[in-house]
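Could you put the whole structure together from the sequences, leaning on the hints where they help?
Number of protein chains: 2
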Amino acid sequence: MRFELNKEFLEKLREKIAAGDTAWISEHVLELHYADIAEILDRLNNDEAKYIYFQMEEEVQADVLMELDEDIRDRFLASLSSKEIADQLENLDSDDAADILGELSEEKIQEVISQMEDDEAAEDIVDLLNYDEDTAGGLMQKEFIRAKLDWPVNRCLVELRRQAEDVEKVYTIYVVDDLNKLVGVLSLKRLLFASPKTKIVDLYQGKNIIYMKTNDSSEEVVKIMEKYDLVSIPVVDLQNKLVGRITLDDVVDIIKEEADKDFQLASGISERIESTFSVWRITRARIPWLFIAMLGGIVGAQVISTFKGGITQVPALAFFIPLITAMGGNVGVQSSAIVVQSLAKDNGLFDSILQKLLKEALVALVNGLILSAFIYGIAYYFENATLGMVVSISLFCVIIFAAIFGTMIPLVLNHYKIDPALATGPFVTTLNDIVGLFIYFTVGMLLYHI
Amino acid sequence: MRFELNKEFLEKLREKIAAGDTAWISEHVLELHYADIAEILDRLNNDEAKYIYFQMEEEVQADVLMELDEDIRDRFLASLSSKEIADQLENLDSDDAADILGELSEEKIQEVISQMEDDEAAEDIVDLLNYDEDTAGGLMQKEFIRAKLDWPVNRCLVELRRQAEDVEKVYTIYVVDDLNKLVGVLSLKRLLFASPKTKIVDLYQGKNIIYMKTNDSSEEVVKIMEKYDLVSIPVVDLQNKLVGRITLDDVVDIIKEEADKDFQLASGISERIESTFSVWRITRARIPWLFIAMLGGIVGAQVISTFKGGITQVPALAFFIPLITAMGGNVGVQSSAIVVQSLAKDNGLFDSILQKLLKEALVALVNGLILSAFIYGIAYYFENATLGMVVSISLFCVIIFAAIFGTMIPLVLNHYKIDPALATGPFVTTLNDIVGLFIYFTVGMLLYHI
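Read top to bottom, the protein sequences are chains L and G.
Under this note's numbering, think of the first position of the first sequence as 1, with each following residue one higher.
Under this note's numbering, think of the first position of the second sequence as 1, with each following residue one higher.
Don't read these hints as lab results, they were simulated from the structure.
Keep in mind that the hints are not guaranteed to be accurate.
Which residues of chain L face chain G? A few of them, derived with a C-beta cut under 7 angstroms, are [claimed, not checked]: (1) V231; (2) T283; (3) R286; (4) A293; (5) G300; (6) Q334; (7) I338; (8) D433.
Ideal Cβ positions, reconstructed from N, Cα and C, are used throughout, including at glycine.
Here is the structure:
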């Protein structure tokens, strides 16, 4: 049965911790999968978490540490000594260890590393810390399995057994030449079923090897691993020497994070935040966008005040202000969302900007005609045929304009290497509001001959 | 070197196809990775694609077929005979074959299956077609490697070699008892390094086995595979018998699709569309939301017309209509985005609805105070202190209200099993517009004593 955390369990556990009932804890907590234990520790206070943590086996400790929520882990690590942290790092994969170190202060990093007993592990971690975390080098781990071209299968097995102790998950063996340059890959399955005397050179696959360079961006890594359906990918340095591998589970985390970030950007939230964060941190991530929207509203007020005479003479003009701004905003957001996604997928590779604009303009034309025809009757009912014409014509213009604008902004942002997902948020809505109001009142003044 | 598709290559390829230059094609296309070949075929017309397709080896054909864009694949399959499709299916993994069949008509499915020569493969595919595509059963493949508890390692290797022919990627061996019930897992690495006489029962891991049931939802599968960092997961039927496995690469596709869908829903697009779709299909996915926004605008017009007297007496009241609606919309979208993401992550498990609302209200209070103070001065500049008070007080109320509303709507949708991401779209904006206008004008009438 899969473990399901609930309030009753947590309460009971708290009691048992308070009572120091190690037998109960050992049976009901320590036997669980590390991901489940981490989920439990996420909900305990630091002392309770530590109490349980130090009853676990060392290997499990490392796994649990990696699964903790980042906030909880930071708090937890802060309460450990440098020596205790160093002990944890030695049981972690090098990429995870480097990630954890990266969360500490420069000074603390030095301390922890000097406390590590396994020099080789320490060296790997220090090496990984040199790479930017958004690159293949920052994502890779130093644990992978390597075979040489001229090894026979039985020698290979002996060597691999030695190497494999450090490598938790083995999917593919990387084949290198004498200079440690990557020349191919070999699946574990092929090795398993080969006869002992066969040489690696006769088994390995050297065609179309897919690999990353240490300085490739993490987006590039995601794209390549997805495109080629890979579970792990080797990483080479600038001299084509094999230096690490990236596994799909790390990439899945990036995919999720990117999706969350885009969703939040589009919703007007500037940092990655979670509902568990403090009121202050949530406010800080949200208020910049609200200021942008407010400035837009102020400029909008300025636009309308320019046309004050129109409203004095035809107060009904004010009725459709929200309709015009809402439609401009919605059309703009739709258009930019489509562009943002097509940019993310490189779908646009073969369409010129002109083609994209043309297509969006066509969609806007169809939408605009349908919606404008509909609104004519409604506005007529509110006031008269003139207002019907004003709303209908300006709505049509606003829809066309918002679509073109919504398409252009993310393309421009992308061109200047700014995340185009920014555009789908309050940015595009605010600009469309202002221009929409201007169009609406200009059409109004013209048709009412004011 | 990784292959990069560009316009020049495509043009050259088209010429070579027209000239029937099979030597060039064989050297420059057929040697590529199947994912690259699929990328090329996506850009060719159907006849060109077929010309290349039937020059590939059978195994590559199947892989390329799975990598094609769905639209392109549908078009391509439509141009093949049932016999030709049946031949392709036999080279595919059962889950992929079932997915492809699922895209055909009921009648065509019958035809294709009757044309398949491999009865066992046909049976597997028919079996998979019975499962809902959004369940673990619909995601799983029938290709996996199974070992029995009492086998020694050498017997196991012989059996596995036989089974492994059908299984492209082997990560984990599933251990079953005599009734085919799942009792544990065994990593290929452990098997590789075990001595021939050791029995599986002494090697396998039978504690904390993570598996799915055929009727678990695909969201559940994603959650579990992510939580436990799995590359593949076994699937059992209602009697706990092992019936299939799901691999992480299929799950990555779901994660991407879900993220895309949420992003589009939040941007007011109702179906998953891509920029390459036809103008009509894009319009169809967008216009429903625009109608909702328009209806909101019409109700807004109704609200304002109720307060027509106010605008006639104080035309400046109209100036801040866009500011009020924009702020209500933005705050609402922010709040609902946070709730939607916390629901997706089960973060909310331990917070009651009241706690969530309280936190959002607090954030709104802070934002509201800051922004209202700021806007007071601005509105004062436009007209007078009274307008300053009207805008400032109503903005504060609108922010608080929009935050509560934005939090509640996704929770309610979620309660009724409707995708809460719907709420972050035009839905919440539109409702907030209407209520915002009502608050604004009510405050205006009160303070101006109209």
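Here's how the hints hold up against the structure:
no.: 1; hint: V231; verdict: holds (6 angstroms)
no.: 2; hint: T283; verdict: holds (5 angstroms)
no.: 3; hint: R286; verdict: holds (5 angstroms)
no.: 4; hint: A293; verdict: holds (5 angstroms)
no.: 5; hint: G300; verdict: holds (4 angstroms)
no.: 6; hint: Q334; verdict: holds (5 angstroms)
no.: 7; hint: I338; verdict: holds (5 angstroms)
no.: 8; hint: D433; verdict: holds (5 angstroms)
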